[in-house]
Amino acid sequence: MRESVYVEKLTAFSALLRQEGLAVGLQETADACQILEELALTDRSAVRAALCAVYAKSRPEQEAFYRAFDSFFVSAEQRRANLARRAEEAAELERRKAQAEEELQVNGQPMDLRDDLREVYVRMPEEKREHLRQLMEKTKENMDRSPQLYSNFIRSVFMRFLLEQQMVMEDAAVGCESADPDLALLWKDISGFKDADIPRAAALIARITQQLNAELSRRRQRGGHSGGLDFKKTIRRGLETGGSFFRLSFRKKRKRRRMLVLLCDVSGSMLQFSEFALRFIKSMAEVSEASRTFLFSETLHEVDAFALQNMDAFRDYVRTSGLYGKGTDLGTALEQLCARRPPVLGPSATLLILSDTKTIDLPRALADLAQAKRQAGKVLWLNPIPERKWGYVRSIQTVSALCQMAPCSTLEELARACGRLMRQ
Amino acid sequence: MDVTTLRAKLDAAHYIYDESLVTTLLVALQLGRPLLIEGAAGVGKTEIAKVMAAALDRELVRLQCYEGLDESKALYEWNYQKQLLSIQAHMGAKTPDELTKSLFSDEYLLERPLLRSIRSEEPVVLLIDEIDKADEEFEAFLLELLSEMQVTIPEIGTIHARTVPFVVLTSNRTRPLSEALRRRCAYLYIQYPDLEKEVAIIQARRPNVNERLAVQVARAVQALRDNQAILKKPSIAETLDWVAALEALGLSDLTAEAAERTKGFVLKNSEDWAAMAGQPEGHRHCGGCGEGQ
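Chain order of the listed sequences is A and B.
Residue numbering for the first sequence follows this note's numbering, starting at 889 and increasing by one per position.
Residue numbering for the second sequence follows this note's numbering, starting at 650 and increasing by one per position.
The hints are simulated quantities; they were obtained by calculation from the structure and are not laboratory data.
Certain hints may be false.
[As the list claims (entries may be wrong)] Have a look at the derived ranges for each label pair, beta carbon to beta carbon: (1) T904/B <-> N970/A: 46 to 56 Å; (2) P1274/A <-> A689/B: 29 to 39 Å; (3) Q1292/A <-> T904/B: 55 to 65 Å; (4) F960/A <-> E785/B: 33 to 43 Å; (5) G1210/A <-> D843/B: 42 to 52 Å.
[Claimed, not checked] No more than 25 Å apart at the CA atoms, straight line, and that leaves these computed lysine-lysine pairs for DSS-like: (6) K1140/A <-> K699/B; (7) K731/B <-> K1120/A; (8) K917/B <-> K882/B; (9) K1121/A <-> K1140/A; (10) K1140/A <-> K722/B; (11) K1016/A <-> K1026/A; (12) K699/B <-> K882/B; (13) K722/B <-> K1121/A; (14) K1082/A <-> K912/B; (15) K1266/A <-> K1246/A; (16) K912/B <-> K846/B; (17) K985/A <-> K1016/A; (18) K699/B <-> K658/B; (19) K1082/A <-> K1266/A; (20) K882/B <-> K1082/A; (21) K658/B <-> K1121/A.
[What the hints assert, rightly or not] Under 10 Å between C-beta atoms, here's a sample of chain B residues computed to sit facing chain A: (22) L675; (23) L826; (24) L900; (25) S901; (26) T904.
Please read all numbers here as calculations on a predicted model, not as lab measurements.
By construction, the Cβ of each residue, glycine as well, lies at the ideal position given by its N, Cα and C atoms.
Construct the entire structure; sequences and hints are all you get.
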């Protein structure tokens, strides 16, 4: 590397960028030095843009670069201001934690809580804190009867509530929302989507499926395309030109059609999930080549999924078809599906079930599932219940022993499951 | 080239730019690196290559990528039929060795865009458009060209660039590109233009349009892009088409009725039309109608 007045500073900056996760090598540092020397940029924003072009090679890297640049290249005055602000924020957090310690007194002693849980308490919405305070207030009269028992009880209630809150905050990608709303949506529980989230989620689905389709189409082409010379055809055509192989013929890729049978649970809380999952699966062009879609609650209905791509159309159909507001009877749905003539399921078919496994008459549903499994080549289950809760739901444990099950509580999980499904 | 010269050249090409774009172009030119441009469809990625060709007074050589693109379509191909005819014509007149040697010469080489760009006597601007649509193998093949400015043809050997092209790669991000390719490029991400820039683009491309209409259309397009329910966001080209359509109909105001008549130029699917119709009263026509007067 040429000796440059910028080397020292830019080397330190490169090290900072590496900490931020950017793949920065010596070449980038050398390029940055060259640019600053040769272009003699004086304007801060121009230097920022020039270094960004050298160091950052993707959109997320640009975001990381801007953060690093703004924290690294600051005036002494701004650095002091930043330090003061951070100290102020830390002091505020400590003050609120101390206040929480005063609020959460049991038997005159501060409640024994881990520091991270105390932080959760401080950060969660005021109404939730109020809910806990009221609970303490209501159960206070038990304190005199058995102080130790009361102390243990209230601590266990708090621990459970705060741990749940911690999990919810992580699930909801709290903090990430402001940085990248789409990313936050990707990790959010589908059943928790609000009306305002739906158009963004639909756009996100379109983008993800576009990427998945492009990736899969390429993979299939690589794997299946022979591209080899068709000798027979070439020789035959060569006869037209006196035996010279003037025009070569190549083999064409044989298209493989797959049969996918979708069975979507649209009862009660499953409605929103099924709409999203259906939209996702149907927008994957490779799958939709040959597929049939059935909706069920207590009865089974075959639908044209392309006509139901719109959320309103989907809900209207479910309401008018009489499926809405009914319970879940998986057994009946599977029985009707297996009994269809001509048969819907066959050795080349993959049955994809979208349901949370909560059904009436589970033993009958399991028997019918076993029957469907015998008829279909493969049975896959997409479950909107988060995987961490599977251990608590008996029907999930039973069903997952019978067929392959994938968690799909978020769009990210749904994308992953669909990607896996396509690759099989 | 310095900033002032580049700015002057972009101005001469009637290109509306911001400072970060000029700086990035300058960095790529100065380092002799390919420029990788990413952004949503229709933000003007391809246009940058065209403008740079005009600004640098170079020929634009374009390679449009697609699934299955291979070396024979991108780099070179032997003219098989011509070789076959030559064998038959010269059989007996030349020794087999001479004949074989002559068959793999420039005469039988069909140059494709990549080879053409590095064998050109004058430096060119090479546009590799929508690289994300090509396969990973093709990306790997490009590495040699982009880093060493040379390509290897087995029958001939390594061909070094006579002149170094200014390479522009564009991607719509339908798939992630490899780290190796990214590292060899300067990077630029283009977003949709803000209101001011969009008005400037309209006025630069459609000089006869009145300012009020330009502002109304730009505002309406901005509102449509901000509308989460619109799935296919209008591109800059669609903005210009919309203005052209309004002009062709002799309309000087983007009224509700005018927007309804010409909406097909800016929104290209029925769901988006429905979303536009579903906007609250007063914003029904994309938010810009009747404003900016």
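Status of the hints after comparison with the structure:
no., hint, in the structure
1, T904/B <-> N970/A: 46 to 56 Å, "holds, 51 Å"
2, P1274/A <-> A689/B: 29 to 39 Å, "holds, 33 Å"
3, Q1292/A <-> T904/B: 55 to 65 Å, "holds, 58 Å"
4, F960/A <-> E785/B: 33 to 43 Å, "holds, 35 Å"
5, G1210/A <-> D843/B: 42 to 52 Å, "holds, 51 Å"
6, K1140/A <-> K699/B, "violated, 37 Å"
7, K731/B <-> K1120/A, "holds, 23 Å"
8, K917/B <-> K882/B, "holds, 9 Å"
9, K1121/A <-> K1140/A, "holds, 12 Å"
10, K1140/A <-> K722/B, "holds, 18 Å"
11, K1016/A <-> K1026/A, "holds, 15 Å"
12, K699/B <-> K882/B, "holds, 23 Å"
13, K722/B <-> K1121/A, "holds, 23 Å"
14, K1082/A <-> K912/B, "violated, 29 Å"
15, K1266/A <-> K1246/A, "holds, 21 Å"
16, K912/B <-> K846/B, "holds, 22 Å"
17, K985/A <-> K1016/A, "holds, 16 Å"
18, K699/B <-> K658/B, "holds, 12 Å"
19, K1082/A <-> K1266/A, "violated, 34 Å"
20, K882/B <-> K1082/A, "holds, 22 Å"
21, K658/B <-> K1121/A, "violated, 56 Å"
22, L675, "holds, 6 Å"
23, L826, "holds, 8 Å"
24, L900, "violated, 30 Å"
25, S901, "violated, 33 Å"
26, T904, "violated, 27 Å"
Of the numbered hints given earlier, the model fails hints 6, 14, 19, 21, 24, 25, 26; all others are met.
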